[in-house]
Each structure stands twice: as structure tokens, then as C-alpha cells.
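Residue numbers (numbering that gives the first Met the number 0), protein chains in the order written: chain R, 0 to 290; chain D, 0 to 433.
Quick caveat, the hints were computed from the structure, so don't treat them as lab data.
Model, not experiment: these values are computed from the prediction.
Mixed in with the good hints there might be a few duds.
Below, a list of computed lysine-lysine pairs in the DSBU-like style, where the Cα atoms sit at most 35 Å apart [what the hints assert, rightly or not]:
{"id": "1", "chain 1": "D", "residue 1": "K189", "chain 2": "D", "residue 2": "K263"}
{"id": "2", "chain 1": "D", "residue 1": "K169", "chain 2": "D", "residue 2": "K228"}
{"id": "3", "chain 1": "R", "residue 1": "K131", "chain 2": "D", "residue 2": "K195"}
{"id": "4", "chain 1": "R", "residue 1": "K47", "chain 2": "D", "residue 2": "K104"}
{"id": "5", "chain 1": "D", "residue 1": "K126", "chain 2": "R", "residue 2": "K57"}
{"id": "6", "chain 1": "D", "residue 1": "K332", "chain 2": "R", "residue 2": "K47"}
{"id": "7", "chain 1": "D", "residue 1": "K253", "chain 2": "D", "residue 2": "K290"}
{"id": "8", "chain 1": "D", "residue 1": "K78", "chain 2": "D", "residue 2": "K189"}
{"id": "9", "chain 1": "D", "residue 1": "K325", "chain 2": "D", "residue 2": "K290"}
{"id": "10", "chain 1": "D", "residue 1": "K430", "chain 2": "D", "residue 2": "K228"}
{"id": "11", "chain 1": "R", "residue 1": "K57", "chain 2": "D", "residue 2": "K231"}
{"id": "12", "chain 1": "D", "residue 1": "K325", "chain 2": "D", "residue 2": "K152"}
{"id": "13", "chain 1": "D", "residue 1": "K253", "chain 2": "D", "residue 2": "K185"}
{"id": "14", "chain 1": "D", "residue 1": "K253", "chain 2": "R", "residue 2": "K131"}
{"id": "15", "chain 1": "D", "residue 1": "K290", "chain 2": "R", "residue 2": "K136"}
{"id": "16", "chain 1": "D", "residue 1": "K263", "chain 2": "R", "residue 2": "K131"}
{"id": "17", "chain 1": "D", "residue 1": "K175", "chain 2": "D", "residue 2": "K332"}
{"id": "18", "chain 1": "D", "residue 1": "K348", "chain 2": "R", "residue 2": "K57"}
{"id": "19", "chain 1": "D", "residue 1": "K126", "chain 2": "R", "residue 2": "K47"}
{"id": "20", "chain 1": "D", "residue 1": "K185", "chain 2": "R", "residue 2": "K131"}
Next come the chains, spelled out residue by residue.
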Amino acid sequence: MSKKMDKVWFAVFTVPLLFVFATVVIIPFLIGIGYSFVSWDGIPANPKVFVGFDNYAKLFQDERFLASSWHTIQFTVLALVSVNLLGLLLSLFVTAKLRTSNAARTLFFMPNLIGGLILGYIWQFIFTDAFKMVGEKTGLHSVFFNWLLDPQFAIYAMVVVFTWQMAGYTMIIYIAGIQGIPDDLIEAAKVDGANLWHRLTRIVFPLLMPAFTICLFLTLSGAFKIFDVNLSLTKGGPNNASEMFAMNIFNEIFGYGHYGLGQAKAIVFFLIVAILTLTQVVITKRREVQM
Amino acid sequence: MRNVKKAFGIVTAAALVAGLAGCGGSNGGNDSNASGSPSASASGSASASASAAPEKFEKISLFQSKVEIAEPLEALAKKYKEETGNEVEVWGSAGDAYATQLQAKLTAGQGPTVFSVATGAEAEKFKSYLYDLSNEPFTASIAPHMALEADGKVVGVPYGVEGFGIVYNKSLVDPKDVSNLDSFTKTLEKLKAEGKNGFSLSQEAYFLIGHLINMPFALQADPQAFIDKLNKGEVKMADTKEFQEFAKFLDAIKANGTNPMEVKYDTQMGDFATGKTAMVHQGNWSYGMLKDYGDLGFDIGMMPFPLAGNTKLSVGVASNWVINAKASPEQIKAASAFLNWLFTSETGKNAIVNEFKFIPALTNIEADDLDPLSKAVFEATKSGQTVTWAFNMFPQGIIVNDLAPAAQEFFLDKNMTGEQFLQKLDAAWAKAAK
Chain R
0 MSKKMDKVWF
10 AVFTVPLLFV
20 FATVVIIPFL
30 IGIGYSFVSW
40 DGIPANPKVF
50 VGFDNYAKLF
60 QDERFLASSW
70 HTIQFTVLAL
80 VSVNLLGLLL
90 SLFVTAKLRT
100 SNAARTLFFM
110 PNLIGGLILG
120 YIWQFIFTDA
130 FKMVGEKTGL
140 HSVFFNWLLD
150 PQFAIYAMVV
160 VFTWQMAGYT
170 MIIYIAGIQG
180 IPDDLIEAAK
190 VDGANLWHRL
200 TRIVFPLLMP
210 AFTICLFLTL
220 SGAFKIFDVN
230 LSLTKGGPNN
240 ASEMFAMNIF
250 NEIFGYGHYG
260 LGQAKAIVFF
270 LIVAILTLTQ
280 VVITKRREVQ
290 M
Chain D
0 MRNVKKAFGI
10 VTAAALVAGL
20 AGCGGSNGGN
30 DSNASGSPSA
40 SASGSASASA
50 SAAPEKFEKI
60 SLFQSKVEIA
70 EPLEALAKKY
80 KEETGNEVEV
90 WGSAGDAYAT
100 QLQAKLTAGQ
110 GPTVFSVATG
120 AEAEKFKSYL
130 YDLSNEPFTA
140 SIAPHMALEA
150 DGKVVGVPYG
160 VEGFGIVYNK
170 SLVDPKDVSN
180 LDSFTKTLEK
190 LKAEGKNGFS
200 LSQEAYFLIG
210 HLINMPFALQ
220 ADPQAFIDKL
230 NKGEVKMADT
240 KEFQEFAKFL
250 DAIKANGTNP
260 MEVKYDTQMG
270 DFATGKTAMV
280 HQGNWSYGML
290 KDYGDLGFDI
300 GMMPFPLAGN
310 TKLSVGVASN
320 WVINAKASPE
330 QIKAASAFLN
340 WLFTSETGKN
350 AIVNEFKFIP
360 ALTNIEADDL
370 DPLSKAVFEA
380 TKSGQTVTWA
390 FNMFPQGIIV
400 NDLAPAAQEF
410 FLDKNMTGEQ
420 FLQKLDAAWA
430 KAAK
């Protein structure tokens with residue numbers, strides 16, 4: 000009887016979720032794979048022509064797509080480093096038992112509460128008007144100019160905004176990790192004469208590996224899939240120099256009306272993100288240590 | 000205790016089921032009537048009360064591309080409700096992203112009841128969504144050749160005619176000094192020496208290149224034939240006389256003005272209104288911006304872009320009101336009633352001329368109190384001093400997707416010449432026309 004009730008309870012809580020997950024993720028994903036084999040402009044009334052693997056063959060000759068993948072790789076590598084470095088530094092800073100650490104924690108986390116679209120517009124103003132003004136006032140024209148008009152600096156600008164948004168989030172995860180490290184371990188190390196650097200690299204970082212796994216995964220997939228900041232900050236410009244993967248797919252589908260080709264790109268995109276993040280998780284998992 | 004748990008379980012399950020049913024129900028409703036209004040229940044109650052009062056229609060939604068008329072349109076919707084008791088929900092305008100958003104909404108079956116499409120490729124693209132307006136009373140008064148037609152049927156009513164050219168500050172520039180490439184360049188150099196910005200474009204795709212490039216196309220003997228050849232790769236812009244001169248104009252603009260990539264539409268018009276810029280490449284719609292500055296302290300006018308000695312303004316129909324053919328019959332009826340009110344009632348006609356600042360394309364609407372820019376367009380239209388809007392015949396989306404990025408590159412790369420830019424444009428065109 001109670002076994003049976005367990006099953007009922009299990010169903011009550013999982014079936015609705017499964018239903019939602021299937022209808023909004025799995026089924027659209029499968030339909031999407033289907034679309035990637037047709038040539039279609041996205042208007043329901045117009046015909047869908049089956050073209051087999053043509054779309055997949057085409058996308059590897061699409062220079063703009065290849066360029067956007069290079070932008071995405073640049074952006075992801077830079078963002079991965081800057082977000083995690085800053086997040087880690089911030090977390091070390093706010094766990095250092097300062098009087099302001101609680102306030103600082105809140106402040107550092109706050110940008111994460113603002114949506115990427117809005118952040119993009121705020122920073123667009125900073126990079127365009129504020130930077131120009133600072134440049135004029137200080138004469139430091141090599142640093143303070145309109146970053147969004149320079150093909151390379153437009154990508155850096157996105158890294159800055161993404162870091163600003165995500166560093167606080169990773170900070171919280173790192174804080175949780177740091178607080179999970181028993182004080183007696185650190186004390187013991189101190190007694191044994193380990194300096195700060197040794198304590199960090201030999202005790203704190205190895206014990207933080209689970210946090211690294213999560214944070215790296217979040218930033219890696221987040222940076223790869225970035226769209227909102229891309230749209231509001233640079234719109235992919237200037238001259239498509241900061242167009243990322245997701246935006247390229249969006250433009251292919253809605254700008255050019257190549258629905259099938261865009262879907263093929265999206266499938267390739269999914270595979271890349273899946274492979275990269277899984278590899279990363281496997282690698283960092285292996286380095287996690289148990290106390 | 001066990002009973003409490005059981006009861007709790009039942010309540011939870013019921014709540015979940017109800018939640019699911021709610022989701023499913025509202026989805027179904029949207030699919031069937033394509034209302035797209037976020038409040039499916041609101042439209043439901045509206046239809047329920049429709050039978051009580053004969054003049055009461057379903058609430059309809061409206062989505063359109065012109066940012067400039069967003070505010071007056073909302074005000075007009077309020078007046079419509081006051082006068083007739085019917086509701087029109089105006090969705091926020093989307094500017095450059097309009098066609099994208101419209102497509103997404105229509106494809107999802109959540110399209111607006113009334114929307115706007117640009118004449119040309121965009122109207123062609125959404126053809127299957129355009130309701131046949133041939134039998135509607137208000138289409139009878141559309142000026143000759145101005146109606147949007149598909150397969151011989153009237154499917155759209157023009158917003159109005161619009162025109163663009165060089166909007167200039169009469170105290171800084173004399174049109175006689177801007178009559179060909181030489182005089183244009185000299186005027187720019189003179190203004191630059193005086194510390195003024197001679198000629199300003201802005202970073203938005205249409206204001207950066209879309210409108211400007213219309214002129215060399217429109218000056219071809221047969222623009223449509225030229226574009227067809229260009230699509231097939233039989234001609235190149237770089238080999239065409241008008242484009243070669245156009246490139247020289249661009250060189251002059253780049254050499255003597257602020258970088259348009261730094262300029263937004265607001266800043267462009269702001270600098271013009273405050274006398275920092277002498278000329279902007281804009282249309283009659285920009286008067287709405289200038290009006291906000293009150294008394295400018297100088298007179299403004301519009302003159303033709305003097306490519307190859309051209310003396311005509313570019314005038315055309317930018318956008319058309321259409322009704323979503325996939326909406327429910329009740330919605331279509333309500334939409335037709337709204338458009339009829341817009342084009343025949345005093346309030347509606349007044350709004351078109353005085354609030355939207357459109358130059359009417361309907362013969363039953365008078366326009367005697369036009370602003371200086373609209374007046375220039377209106378007079379050019381009457382006297383036939385106009386060239387067509389060739390960019391309406393361009394492949395769909397090419398200005399935003401391909402020509403604008405090329406133009407961005409041109410204006411950002413200090414070393415790029417107009418000639419190299421033409422080659423970029425040819426390459427971009429070849430790619431887009433594929």
C-alpha cells in the first residue's frame with residue numbers, strides 16, 4: 000500500500016514537470032532538428048523544401064558564421080578568465096572579516112539582478128558618451144574613446160559588461176565554497192608556518208574545486224550563449240565585428256529569412272556548447288578532492 | 000495526521016492540474032483567434048458583451064513600425080475608446096527590429112489584428128497575412144496608384160506619402176550652393192572651416208545608407224530592371240556612372256563631417272536644431288523632432304540630394320495599414336471599423352494630418368496646414384518633381400543586414416575610399432541576392 004502511494008506521489012510531482020520540460024524543451028528541440036533539413040523562410044504559408052544535409056554543408060562556407068564563431072571563442076576565453084578571477088578575488092575579499100563585507104557582498108551581487116538588456120543599454124551610454132567625455136577631459140585618448148566603434152574593443156566592451164554582470168554571481172558560489180572550508184584546517188596550516196599564498200594554493204583552491212566546476216560551467220555556457228548583452232550593447236556591430244553565435248543564428252533566421260540554415264547553425268551550436276561544457280565538467284570534476 | 004497529508008496532497012494535485020489546464024486553455028485561445036493580446040480573458044469578456052450593444056466590437060491589437068507616431072497613436076486609441084467605446088491596444092513600436100518582431104508574432108499565431116507593412120519586398124513577404132480590403136468603404140478614396148495591392152486586390156492603405164532629401168538650415172546654406180558634386184563639396188569645406196558640421200547622417204541603418212543610396216538607384220532609367228540585373232549579377236554598382244559619382248559624394252561627406260557612427264537620430268536632429276549642423280539627410284518625418292525644440296531661430300527647408308544634378312525629392316509610400324487575414328472574423332470586423340473611423344471621422348483625419356504629421360494619401364483628407372518639410376514634399380508631389388523609392392524594390396532586409404554593415408565599415412575605416420566602398424556594396428549585394 001505504502002509502496003503504491005510512493006509511486007503515486009512520485010508521479011504527482013514529476014509528471015507535471017516532465018510534461019512542461021517535454022513541451023518547452025524536448026519537443027521543440029526535435030522539431031528544430033527536423034527544420035534543419037529543409038529550406039524555408041519561416042512563413043507558415045510558404046513551402047518547406049527538403050534539402051537533406053545542404054544546410055549543414057552551407058554553414059561551413061558561411062564566412063560570417065565562421066567569423067562569429069571566432070568572436071565567440073575570443074569572448075568566451077576572455078570572459079571565463081575575467082569573471083572567475085574577479086569573482087574569486089571578490090569572494091576572498093568579502094570573507095576576509097572586514098566590517099563592510101556584508102554591504103560589499105550585496106553591492107557586488109547587485110549587477111546580477113539587472114537584466115542583460117538593460118545593462119547593455121546602461122553600458123552603451125558609458126562606452127559611448129562617458130568614455131568620450133573622460134577622454135576629452137583627461138587626454139587619455141588611447142584608453143577612453145568610443146569602444147563600441149572599434150571592432151576589437153567592441154568585444155572587450157562585451158567582456159567588461161558580462162564580467163560586471165556575472166562576477167557577483169560566481170562570487171556568491173565561491174563564498175559558499177570558502178565558508179565550507181573548516182577553520183581548523185587553516186589554523187593548522189598557519190601553525191605549521193604556511194603563508195597566505197601556500198594556504199590559498201595548497202588548501203583553499205583544492206577544496207574549492209567543486210565551486211570551480213560550477214562557476215566555470217556557468218560562465219562557459221553563459222558566455223557561449225550570450226545574446227542579450229550582444230543585442231543591446233553592440234547589435235553585433237560595428238560591421239558585424241562583435242556578432243556572436245546566438246546573434247548570427249538570430250540574424251540568419253529573422254534577418255535573411257533562412258529558417259532551415261539558421262536551425263542547422265543552432266544544432267551545430269548546441270553540439271559545440273554541449274561538448275565544451277561536458278569536457279570542462281569532466282576535467283574539473285576529476286580534480287575535486289574529498290576531505 | 001494522515002488525513003491532513005492526504006488532503007494536502009489532493010489540494011496540491013488539484014492546483015497543479017488547474018495550472019496546467021489554465022496554460023493549455025489560454026494557448027488554445029490564442030491559436031484560434033490569433034488575437035495575441037496578453038489578456039485572453041479580456042477579449043473574451045469583450046466578445047460576450049458584443050451582442051448587447053450593436054456598435055461594440057472586440058478589442059483589437061495594433062502593431063506598427065513608425066516610432067515617430069507611437070505617442071499620438073496611443074492618444075488616438077484613447078480617443079477612439081471615448082468616441083466609440085471600442086478598444087485598440089497599441090503595441091510598442093520596434094524601430095529597426097519591426098519586421099523581425101512582426102514575423103515572430105505572426106508565425107507564433109499571436110499576431111496583431113492591425114499592423115503595418117512597408118511597400119515592396121516586405122509586403123510581398125507577408126502577403127499571406129494581408130486581408131483583402133477591396134470592398135471596404137475607405138479604400139475608395141485612396142489617391143491613384145498609391146494603394147498597396149496584391150494579386151489585383153487592395154490590401155493596404157498608405158500611411159501617407161513621405162519624402163526625403165537634404166533638410167537644411169536656411170541661414171547657413173543656400174540651395175544654389177548645393178547643386179552638384181563640386182558645389183556640394185565646396186559648401187561642406189566652407190562650413191567645416193567655419194566650425195560647423197556641414198552634412199550629417201546618423202547611425203541607424205536607413206539613415207546611414209538606406210535613404211542615401213536610393214538616389215543612384217532612382218536615377219536609373221528603370222530602377223526595377225536595374226535591381227533585377229544587379230540581383231542576377233549582370234551589372235555592378237562600381238561600373239555604373241551614378242554610383243561612381245555617389246561614391247565621390249560619400250568621400251566628401253566622410254572627409255568633412257562628423258563620423259555618422261557617433262551620431263544617433265536624436266543627436267543628429269538635436270545638432271541640426273541648435274545650429275551645429277547645417278544639413279541633414281532626412282525626411283519630412285524629422286519635423287516631429289525639430290518641433291520639440293520650439294522656435295529654432297532659423298528657417299528650414301528641404302532640397303534634393305544633388306547627385307548627377309538631380310533636382311527631385313525622393314517621395315513614396317513607406318508603410319501601409321493592413322489587417323491580419325489570419326485573425327478571427329470578429330477581430331477583422333473590429334479592425335475594419337477602426338480603420339474606417341481613422342480615415343473618415345474628423346478625429347481620425349485630424350490625427351493623420353496634425354498629430355502623425357503625415358502627408359495624406361487619401362483624397363478625402365485635406366492638408367492645408369503642413370509644416371515646412373511636409374510642404375516641400377507635398378508640393379514636389381503635386382508638381383511631379385519626385386523620384387521613386389527604389390529601396391522598396393531591394394531584396395528583403397538587405398539594408399539592415401548587408402548594406403548597413405558595409406557602410407559602418409566605410410565610415411569607421413579612415414582609409415577606405417568611396418570606390419572601395421562600392422566594391423564592398425557589390426559583394427554584399429551579391430551575397431544577399433543569392
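Hints and how they fare:
Annotation: proposed proximity of K189/D to K263/D holds, straight-line Cα distance about 24 Å (limit 35 Å). Only pairs whose Cα atoms come within 35 Å are accepted, and K169/D paired with K228/D is rejected, the gap being roughly 40 Å. Proposed proximity of K131/R and K195/D is supported: the alpha carbons are some 20 Å apart, at most 35 Å. Pair hint K47/R plus K104/D holds up; C-alpha atoms about 19 Å apart against a cutoff of 35 Å.
This hinted pair checks out: K126/D and K57/R have alpha carbons roughly 28 Å apart, not beyond 35 Å. The suggested pairing of K332/D with K47/R holds, with an alpha-carbon distance near 32 Å, which does not exceed 35 Å. For the hint linking K253/D to K290/D, the alpha-carbon distance of about 28 Å falls within 35 Å, and the restraint holds. A threshold of 35 Å between alpha carbons decides the hint, and for K78/D with K189/D the separation of about 50 Å lies outside it, so the pair is violated.
Using a Cα cut-off of 35 Å, the hinted pair K325/D and K290/D is violated, with the two alpha carbons roughly 39 Å apart. For a cut-off of 35 Å, the pair hint linking K430/D to K228/D stands: about 14 Å separates their Cα positions. About 20 Å separates the Cα atoms of K57/R and K231/D, which keeps this hinted pair within 35 Å; it holds. With a C-alpha separation of about 17 Å, the suggested pair K325/D and K152/D falls inside the 35 Å cut-off, and the hint holds.
A C-alpha spacing of about 14 Å is found between K253/D and K185/D, which places the hinted pair at or below 35 Å, so the restraint holds. For the suggested pair K253/D and K131/R, the alpha carbons sit about 20 Å apart, so the restraint of at most 35 Å is met. Using a Cα cut-off of 35 Å, the hinted pair K290/D and K136/R holds, with the two alpha carbons roughly 33 Å apart. About 15 Å separates the Cα atoms of K263/D and K131/R, which keeps this hinted pair within 35 Å; it holds.
For the hint linking K175/D to K332/D, the alpha-carbon distance of about 53 Å lies beyond 35 Å, and the restraint is violated. Restraint check: the Cα-Cα separation between K348/D and K57/R comes to about 51 Å, which exceeds 35 Å; the hinted pair is violated. Distance hint between K126/D and K47/R is fulfilled; the C-alpha atoms sit about 17 Å from each other, no more than 35 Å. For a cut-off of 35 Å, the pair hint linking K185/D to K131/R stands: about 30 Å separates their Cα positions.
When the structure is compared with the earlier hints, violations turn up for hints 2, 8, 9, 17 and 18 and for no others.
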